[in-house]
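Asks: Here are the chains, one letter per residue:
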Amino acid sequence: MANSLASSINYIRLSELSGKINAAIDTSFGRSGFWVIADITNHSFRPQKKYHHFELVEKDPDSNQLLARISGKAWGNGITRIQHFETVTGQPFTDNINVLLYVSVQYHAVYGLQLDLLDIDPNFTLGVLAQQRQATLDKLVAENPEYIKKAGDVYITKNNRLKFNAVIQRIAVISSKTSAGGEDFKHTLQNNPFGYQFYIDDYYTAVQGESNADQFLKKLLEVFYSGKPYDAVVITRGGGAQTDFLIFDNYKIGRAVARFPIPVITGIGHHKNESIADLMANTQTKTPTKAAEFIIAHNKKYADDMLSLQHNIVIKSQQLFSRHFQSLTSLNSLVVNHGRNMLTGKKDELTRINRSVIHITRTVIFRKQTALVNLSSQMLSGPKIIIYNRLNDIRQLVGSVKTFQVQYLRNKIGYLDHFRSVIKMMSPENILNKGFAIVKSRNKITSNPDDIAIGNDIDIILSGTQIKSTVKQKSRYDGSDFNL
Amino acid sequence: MDQILTYESAYQELAEIAREIETESVSVDVLAQKVKRASELVTFCQTKLKSTESEVNKIIAQMESTDPKP
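Order-wise, the sequence lines are chains D and U. Taking this note's numbering as reference, the numbering of the first sequence is continuous, increasing by one, and the terminal residue is 484. Taking this note's numbering as reference, the numbering of the second sequence is continuous, increasing by one, and the terminal residue is 70.
Because the hints were derived from the structure by calculation, they are not lab data. Please read all numbers here as calculations on a predicted model, not as lab measurements. Heads up, the beta-carbon is just placed ideally off N, CA and C, and yes, glycines get one too. Warning: the hint list may mix true and false statements.
With a Cα cut of at most 16 angstroms, we get these calculated EDC-like pairs of lysine to aspartate or glutamate [claimed, not checked]:
1) D:346 x U:22
2) D:347 x U:29
3) D:347 x U:24
For the chain D half of the interface with chain U, some residues (derived, Cβ under 8 angstroms), not all of them [to be verified]:
4) 317
5) 325
6) 331
7) 332
8) 346
9) 388
Using the sequences plus the hints, can you model the full thing?
Replies: Structure below.
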């Protein structure tokens, strides 16, 4: 049947077909290459055969369903390019990475369609990694607001806000058992030139490969639960292959470092970029040796501070003493000088007062004396004058008396003579001699005619003769005999 | 000297006496007393200061002898 069919149908052999396919592919694609973006799966590498084998796939970003799959290989120069890629990106060429490859399309009669890797672009992957890293960072900030904040380009985490103890002495080191980094770190610390002592506990874990993140995390927690009073946790990595830092961009490790209650120092040996762990940690250094140097410098600063404090204390205390001695001395001399001055002043004052007392007293006494002398001289001269005056008066009086008594007597004599002549003229005898008579009634001289009645006896005295008569008649007489 | 006399209180008192004497607000009746007191205080302060100084110097010498400088 087959033979009859074969005889009637125009067929070719498979190898002929594959030859045709090969020719068609060769015509269509030739030796030219294509830049292709794809994910890698089923990767295997045989160092002995120096041959990478893998599959390139494209998945639907939403449903994750395969859209395309072509197997690929790399050998010869392709291997060199992959090594370069790994060095530049820190990303091993392995499953589940998104890469930009330069490939040529090849068809092999036995192995089928294959893509031959000619080159791989590290920059594309770096960009992808950077995006992933940024996404992780954003997630860290978004999901742990109480531990991680972003301020400008800087991440502020609980851990990097912790202050180191004054001296960093108890240290937990997380490193790979086989890595030279941990040994570098310890060696640098223990051979520090200042003789500082350190107590170092090793926590060994794999520090490569993102798949070891959980193991790494467990070690970090072990440090925490050890209950030991560590001054710092140091994460080192170094020596070995300079690839695969992705574990330090792991979300969980970043979060654990950010939240860790003991300051974390990283020395990851990562010259190109900062890992997320670096950003979350308290202090990042480039290498384990630098981490150790940082710790030594920190302690050295403390020792220096202590020394300078000590020197300050010495200087300040000496200054203090000299200041106190000076002020004591100045107070002392002040007391002495002013005390002395005061005494001198008081003495002078006393002398002055004394002098003025003496002076005033003298003046007073002098004045009193003068007054007394004046007074006494007055006393002396006054009476004399009075007496003199009185004597004078008396003398004058005497003179007057002498002068006037003669006159006086003369006057008196004159008066007396006058009076005598008047009296002589007026004497009754004289009058009687002139023709006048005295009439007596009842032996009393009368001049009133009414006392004499007719018939009465009267006595008439006339010029030395008494005549007794009786009144016969009384009548009025108007003679002018006496009219002179 | 007073049992509870401290450097500070002694110094204060001394300064007060000095001020009184300087401003001559002190009476001559008590001047001698004051100056005597001042001299006691100066002696006290100096003694105290010197003993403290020598003590401090001793401590400083100790500090410097244990100086961890290499």
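Asks: Flag every earlier hint the structure violates by its number, smallest first.
Replies: When the structure is compared with the hints, only number 9 turns out to be violated.
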